[in-house]
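The residues making up each chain are set out below.
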Amino acid sequence: MSIGPGLTADLCLKCNICTSACPVAAVTDLFPGPKAVGPQEERFRHPRLPTPDHSVAWCSGCGVCSRVCPHGVAVTEINVRAKGELARREGISLRDQLIARPALLGRFGVRFAPLANAVLVNPIIRRGLEISLGISREAPLPAFSTSTLRRRQAAHVARVPAPVTHGEGQPVAYFHGCSAEYYEPWIGELAISVLEKLGCRVVLPPQGCCGLPLQSNGLFDAARRYARWNVQSLHPFVAAGMPIVGASTSCTLALKHEYQAILGLEGVTVSEVAAAVYDVFEFITLFKMDELERLRLSSIPIRALYHPPCQLKSHAIGTPAIEVLQMIPDLELIYSEAECCGVAGTYGLKSEKAQVARDVGGILFDQARDVSPDLILSDSETCRWWIEKHAGVKTLHPLQLLAQALDIP
Amino acid sequence: MTDLLIVGQGFTGLFAAVLAAQRGARTTLIAAGRGGLSLSHGCIDVRRGGASPNDLRALPADHPYRIADPAGLPDALAAFHVISAKAGLVYRGALGEDLRLTTALGGIHTTCLAPESLARGRLEDTLPTTIGDIEGYRDFSAELAVRNLARAGIEVVRSVSLPLIGEAPRRDLYAHDLALRFDDPDWRTELARAWKPRLGGVRRLGVPAVLGLRHHPEAIDSLEERLDLRLFEIPTLPPTVPGLRLERALRQTALTAGVRLIEGARAVGLIDGRRGGRRVSGVVAQSAGGPRSYPSPAVLLATGGVLHGGLVARQNGRIQESVFDLPVTHPGARGLLTSESAFGSQPFAKLGLRLDRRMRPLSESGGPFFENLYAAGGVLAGSDRAIEGTRQGIDILTAHRAVECALGEGSA
Amino acid sequence: MDAATISTQLLVIGGGATGLGIAWDACLRGLKVILVEQGDLGQGTSGRYHGLLHSGGRYVLSDPRSASDCASENVILRRIVPQAIEDTGGLFVTTPADPPDFADSWISACADTGVAAEEIEVERALTLEPLLNPRISRAFQVGDCSLDSFDLLHWLANAVRDSGGQVLLRNRVEAFELSHGRVVAASIVDVRSGLSRRIGAEMVINSAGPWARSVAELAGIRLPVALSKGSLIAMATRLVHTVVNRCRPPQDGDVIVPVGTVAVLGTTDFEVDNPADHSIQDWEVDRLMAEGEVLIPSLAEHRALRAWAGVRALYRPPKNAHEVTRDLPRAHAILDHAASDGCEGMISIVGGKLATFRLMAEGTIDLVCHKLGNTATSRTALQILGPSPRQYHSLPTRLSEYESGQTGNPSILCECELATRIGLERSILDDHAQTLDDSRRDVRLGMGPCQAAFCGYRAAALAPPLDPESPVDGGYRDFMSERWRGVRPLAWGQTLSQFELGRRISLELLGADTLPEDSS
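Protein chains in written order, with the working numbering: chain A, 1 to 409; chain B, 1001 to 1412; chain C, 2001 to 2520.
Among the clues, some could well be false.
Stated by the list, open to error - Label-pair restraints from in silico Cβ distances: (1) E1364/B - D2087/C: 53 to 63 Å; (2) D221/A - E2301/C: 23 to 33 Å; (3) R1170/B - S298/A: 45 to 55 Å; (4) E2121/C - L30/A: 38 to 48 Å; (5) V121/A - A1078/B: 34 to 44 Å; (6) N2158/C - G1166/B: 38 to 48 Å; (7) R1214/B - S2388/C: 47 to 57 Å; (8) F108/A - R1170/B: 37 to 47 Å; (9) N2158/C - R1170/B: 31 to 41 Å; (10) E1167/B - E138/A: 19 to 29 Å; (11) A1071/B - E2517/C: 35 to 45 Å.
Claimed, not checked - Short derived list, chain C residues pointing at chain A, Cβ under 7 Å: (12) Q2043; (13) T2261; (14) R2303; (15) S2388; (16) Q2391; (17) P2396; (18) E2403; (19) Q2494; (20) Q2498.
Treat the hints as calculated values from the structure; they're not laboratory data. As the structure is a computational prediction, the values presented were derived from the model and not from experiment. Backbone N, C-alpha and C fix where the C-beta goes; we use that ideal spot for every residue, glycine too.
Here chain A stands alone, though its shape is the one from the complex (with noise of 0.2 Å):
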């Protein structure tokens, strides 16, 4: 689009459609819906003068807004780009530095692992926690691996792309982003796995945290540095000719959209870099159906409840697990109802914001009490964690679930 996302608040005809969409206006009146501090605010927005622009503070990044909107008034940029100067100008707290920086506190925890593990779940440093920092003793914080993805599959790490061997199967270059590099390898390997079986060579690009939590809290400059990091990175693959695949539905979105819509950034190689990048499931619906039917999948005869997250519907590709999950002979799917599970990134890991996410969560969180399924299954992982903790099911990604229906351990 020519126009920014500032300029795209002219398409808007104040219909209401977003409001009536939004997941954290429906549950709080302290938020007065996204078309209000959207495109309704932003004519009264000034480049050169500070605005008073508290209520955007509630908004969680979740992105319905956006992809509701007829008109394609970029709703959730405006937002996210609103947040981003009011933190920009009123400061950034200890708290969200800390959370934006998932891959240096991977770094740090994973070096201690046991320990950095046993101290997180310990109820009074967790309040302690609240107390000093505003991280809600009630989020559901992740536990560190012991070891990273990258050295526990350092066969598969590439500096450079190789050249093509023939016969080897088609070169992907995986994202594993920061969850699977420091909290849940396995995850990465799964994906991994699964990509070879369906005909890939996977290779592990240099690669950093992609940047959306630093976003996400208005640490817009250092999340460009992330994103300029990760572009270099990865276009040589890309010019190589190989598609960028990623099992988290957020970092996926940051590489294709975020990086350009909101950070700004411009030219051939974020384009093309973006162009390249495909969820895991969008990637195997894509190009690997054929490979996919000739295997055999295993009867799994569970009831599993599919939440798809926010950022993926964001990708505005559907929810193309949907459609591999139900060649699973014997599985039962039932679908969200919920437009988002709550978390939105690190929105619910806050003190003041915690309540919200929770009751933005309510729908799906009473649709698993009334459905009783055996497992939750959503493709984020932040999703996961906060799902797995307040609906008291075990939550998977869908991966998962499709690595064991191929009988891979």
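Fit chains B and C to the given chain A structure using the hints.
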């Protein structure tokens, strides 16, 4: 793999998707956003001024009802009844009978089918009526409604102002905010206690349509019981809850029936030039990472009129169909697109795609532009739906007929 | 027949900036003043204006006297009524479509006329205004700023009342009484009630703008005035935050002004006969858009919100009888009819610009005082309008008022412009708004992107309980019709889509076309 690709998530697109999926077609629905259901009263307007078979057959040949064959209307409406009832929304009324409801302004809305909670307020029913508004809620005024109804000779006993319980909200509430509160049974109980004293002697009470969103029939039924009167709803400014309820119901039904829904993706047409240019091969739609192709043997355009961009008016007076740039006849000069009266008929509202008998947009030469491209709903020419009161009837009938034609095509 | 006679020293006819400025200056000099205005504040030319408080840069070559007057008045107005002014600054730029050497003669004429202007790097101008045509070759900063005329008129009216004057709105002059070749009284009629009154005055000031001609005719005087209509377009968002002018001889559509939440393109200029001719022609719209595109190449991608027209009264003395209105000087003329027409007791003031209203008022009352033997001098250059020293208005002001009021839930009726319920109630109860359009001028109701699609109903609901004479439909239909009038010339793109939404609400949700005819 898709058998039918539908573009547009308004009433037409959603209804068509449900029909197609229920007929066993693998259906994909792509939409730039959500449609206009939350901007509507949730009723099915078929035609102000008469919707008998004779009335409809007497319409001009290029009217959407004529194109889609008015004889199909009973079946189409029956299909709607089944779908809505299964989703928990009961509709009252019948084809050929007028159902007259009051509006928030005290005007008269003449419709064919109305949801139960609205239909309970039909003006044909002479039970004495009170209209109540909710204190602090800016989108509905009982007094304004009563004044105008009285001026039209419709007697309403009185207007009453009803309190909202709990802490004063920290911002203005929309209809759906209130409706979500009404979903809570405990809240309803307490509210009924607060309302009862002000409703002494009231037999029938009309209130803004906010009585529950997700737990709707229960909300109004339980309130009726507690207040011991007949309760009905009147639609308010958008987001209009009866329309939202219908939209939710259709979306859930579509998803459960296996429709693949891709939301947030604006479409441009994909034409396979290699096969002679007489067929479309699908659409290309924007996604976060760039364009994605969605091939399909049949495409149904349900992109609507000028409201949501199915048709776009240019400064030079041209009207453009936004996905395939299909021909749209227009008067030429920009000034001829509109008329002076804000409440009268508007030339632009009648512009759109002309179709053949199989619901396919026509080319200038008179044949279908593409063999496998269909259209339904607001993108069609021939009716100023706001003035004629034909909006949802056209959506339903044209969707029904277009799905028939599109799937019939697939089996060839 | 006649109800009552009121006596006063000065009767001022016309409640625009000119008339109110005159009344205010007179009050400060101790004169007893009554001002009558046939409509609501701002229904005339002052309320239809571009929003530009000139630095004078526009006139340095074509009308140097105007330029100097604007330059000095700009400084004064910034001091006395900053709250109605946004200090946007201004730019003069040479676009590829402008004569490249014009800038040199322009900048030296600025020096000659006392208009402050400073050349800046093109890069700096483009950084300030990212949507500006990247191919501009030169850029100059000037002291243009934007003025909310409705605000100004309200402050002036309050000041008149506070200093002992009377402002009678919705009262029209029907006839003058002459005695021995002297105007001694006027007969006025209340437009709503039909009640007539007689006002006896020592001096009558005809500051009725485009209606000055017809007012003068009531006294048998022929005013040398030409009426020129100019159309303007407000773009829905602030495409620029600085006033941007084309550096060329003044023509149609060569300035874009950020006023409040919109950016105004203007203006055309051609002669009309009817002082209330507010029609917009399609060619005017296309012309303004085309000229605007020279400054903002992406203009067509943005929403044109609303079009309106204002009629200016320009002084056209016999020696300029054949000039087109575009070329007539903008300088004002104070006409003492005792001298020119043998009619004592009446002075007309014609022409001029809103930017120089205070100066026009000063000159007029100097003459009046001279004739009445009053020796007081004007104090308006020093007197702050309003109760205390204020700051400039800024774009986020309304938003910060809304955000800071969060704890008390100020209910917002017009969401687009953040107009509150309380503000609307006050406009009906205190300011005696009789129609929703009057309220619009008070609180900006319905002036935003949705053009009253939502607030029309909300405001109509508010009116009847507060105003017993409110129409049955609360004024809803008249207001929505009036909104459409200004939207229709721009009926394409999102503007047409917006009207379609408004139409669905009015017709399908509210059934506005099913109300009995006489409800409005």
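query = What are the numbers of the hints the structure violates, in ascending order?
reply = 5, 12, 15 and 16
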